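Working from the sequences, and respecting the hints, build out all of it.
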Amino acid sequence: MYPKEFRYTKTHEWAKVEGDRVRVGITNYAQEHLGDIVFVELPEVGRQVKQGEAFGVVESVKAVSDCYAPVSGEVVEVNGALADKPETLNQDPHGAGWMIVIRMSDPAELDNLMDADAYEKHCEEEAH
Amino acid sequence: MGTEELKKTPLYGNHLKYGGRIIDFAGWALPVQFRSIIEEHHQVRKAAGLFDVSDMGELDIRGPQALELLQYALTNDMSTLAVNQVRYSPMCNFRGGVVDDLLVYRLGEDHYFLVINAANIEKDYNWVKELAGRFPGAKVENVSDQVAELALQGPNSEAILSRLTKADLSAIRYYWCAQDVDVAGVKCMVSRTGYTGEDGFEIFCSPEAAPGLWDTLLEAGDELGLWPCGLGCRDTLRFEAAMPLYGQEMDDDTTPLEAGLGRYVKFDKGDFVGREPLLEEKRTGLRKKLVGLEMVGRGIARTGYPVLKDGEKVGYVTTGSYAPTLDKNLALAFVPPQLSEVGTLLQVEIRGRGVDARVVKTPFYRRREK
Numbered sequence: 001m002y003p004k005e006f007r008y009t010k011t012h013e014w015a016k017v018e019g020d021r022v023r024v025g026i027t028n029y030a031q032e033h034l035g036d037i038v039f040v041e042l043p044e045v046g047r048q049v050k051q052g053e054a055f056g057v058v059e060s061v062k063a064v065s066d067c068y069a070p071v072s073g074e075v076v077e078v079n080g081a082l083a084d085k086p087e088t089l090n091q092d093p094h095g096a097g098w099m100i101v102i103r104m105s106d107p108a109e110l111d112n113l114m115d116a117d118a119y120e121k122h123c124e125e126e127a128h
Numbered sequence: 001m002g003t004e005e006l007k008k009t010p011l012y013g014n015h016l017k018y019g020g021r022i023i024d025f026a027g028w029a030l031p032v033q034f035r036s037i038i039e040e041h042h043q044v045r046k047a048a049g050l051f052d053v054s055d056m057g058e059l060d061i062r063g064p065q066a067l068e069l070l071q072y073a074l075t076n077d078m079s080t081l082a083v084n085q086v087r088y089s090p091m092c093n094f095r096g097g098v099v100d101d102l103l104v105y106r107l108g109e110d111h112y113f114l115v116i117n118a119a120n121i122e123k124d125y126n127w128v129k130e131l132a133g134r135f136p137g138a139k140v141e142n143v144s145d146q147v148a149e150l151a152l153q154g155p156n157s158e159a160i161l162s163r164l165t166k167a168d169l170s171a172i173r174y175y176w177c178a179q180d181v182d183v184a185g186v187k188c189m190v191s192r193t194g195y196t197g198e199d200g201f202e203i204f205c206s207p208e209a210a211p212g213l214w215d216t217l218l219e220a221g222d223e224l225g226l227w228p229c230g231l232g233c234r235d236t237l238r239f240e241a242a243m244p245l246y247g248q249e250m251d252d253d254t255t256p257l258e259a260g261l262g263r264y265v266k267f268d269k270g271d272f273v274g275r276e277p278l279l280e281e282k283r284t285g286l287r288k289k290l291v292g293l294e295m296v297g298r299g300i301a302r303t304g305y306p307v308l309k310d311g312e313k314v315g316y317v318t319t320g321s322y323a324p325t326l327d328k329n330l331a332l333a334f335v336p337p338q339l340s341e342v343g344t345l346l347q348v349e350i351r352g353r354g355v356d357a358r359v360v361k362t363p364f365y366r367r368r369e370k
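Heads up: the protein sequence lines correspond to chains A and B, in order. For reference, each letter of the first sequence is one residue, going 1 to 128 in this note's numbering. For reference, each letter of the second sequence is one residue, going 1 to 370 in this note's numbering.
Heads up, some of the hints might be wrong.
[Said to hold, decoys possible] Below, a sample of chain A positions facing chain B; criterion: calculated Cβ distance under 8 Å:
# : residue
1 : D36
2 : V38
3 : F39
4 : P43
5 : E59
6 : V61
7 : K62
8 : V64
[Said to hold, decoys possible] Stretch-level coverage of chain B by chain A, calculated; a stretch enters the list once three of its residues show a Cβ under 8 Å from a Cβ in chain A:
#  : region
9  : 27-38
10 : 299-307
No lab work stands behind these hints: they were computed from the structure. The structure displayed is predicted, hence computed values, not measured ones. The C-beta atom is built at its ideal place from N, Cα and C for all residues, glycine as well.
Written as structure tokens, this is what we have:
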């Protein structure tokens, strides 16, 4: 379920390292928990984000939820297709539902994130 | 959070069996959804959905002064209510604020049955009992724990229910009921009412019979697209139909006139609780008015978000949501009467920014009559 090559936050974002960049989305656990996603708000390209800081918002029918940057750096790409098709986040959260790409300013921050096994445990604990 | 301390309806076991996601709704453990809120929403509009509304409260009022009590306690006129007829009414406090909104069923010559909101059961019961002090010939009983309620909603409702009863359902017109209806061997009271903007029935039975009836209905309705549905789509369905929800569109400090319920306030029927302040408000003008808003800019208005005009806060959102049938982001909001005209451009403050929204007609959704 959770790709081994991804890193994960406690707040249910995933981070996929691509050289000096990190692709970011919300996890399957997050989308299941939120339910039907009907609105996504993303930052502008060029915005600086800090690890743990809110970079965007995902809204389901019932809930409004902030999304937090897994690493610090500059937003270099955003997935504009989500504006018209927010349901992509439900359908393919770890693939086509990616939200932004960050150029890392401090790759050492990746050590603060969880691997897939640790994340799955985290989800199990949260579900109980 | 645990659900152990929450109250459970007789159908709690059914909800677990059908995979409902349980949440805390006014202290009740109820399913918010079984599949997806949006899919369930569409299913009710095009086929049918079954809802557990057993959390709703019921007051039984009877006696030679029952009608007098209701005429005094409620803003609508019950003197013309026939036996087996159902009528909606706000119930006000002495300031004209809404204590609750409810349905009155006339079950007999001197016998009425009030269906009230789950969150207000104790408040309503105490209030009606207090008012009943002036009417010794009216006996008020809280029978909420003795009644289960299922809502069968959607265009296929009559076809589904008719598979389980010999009663002539087409004879039950909108806002009428039939008593002692045999539905799959269970004695029920069935009314053609609902909270979704679709045709449908509300079915009252004993708590003991409810779990079996739920399963039987779902089996009988399977071929006709009947799904178990949760609170999530119940809210989006009622919102599209612009049916008010107590606690959001009205409360103890909001009058029925402000909430757009003036047609349920009958000033000419004689004295009733709230009559003077409501007359006064009618004379001097409304403090605020409930309107529909359609988002023009990107964003979803949510309950409590400020409504702005030229950067100034002028009102607030009572309910806001993505509306699945209309595929729009809509809201109900209180604004000053001078800003309530259809077409008026306002803003909703979303995360610190004013997002354009336009006043539109309500209801947002109205079903096509057959």
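Hint check results:
1. D36: holds, 4 Å
2. V38: holds, 4 Å
3. F39: The hint holds - F39(A) has a Cβ within 8 Å of chain B, the shortest such distance being about 5 Å.
4. P43: Violated. Min distance 13 Å.
5. E59: holds, 5 Å
6. V61: holds, 5 Å
7. K62: holds, 6 Å
8. V64: Constraint on V64(A) satisfied, holds at 6 Å.
9. 27-38: holds (count 5)
10. 299-307: With 3 residues closer than 8 Å to chain A, the region 299-307 of chain B meets the three-residue bar; holds.
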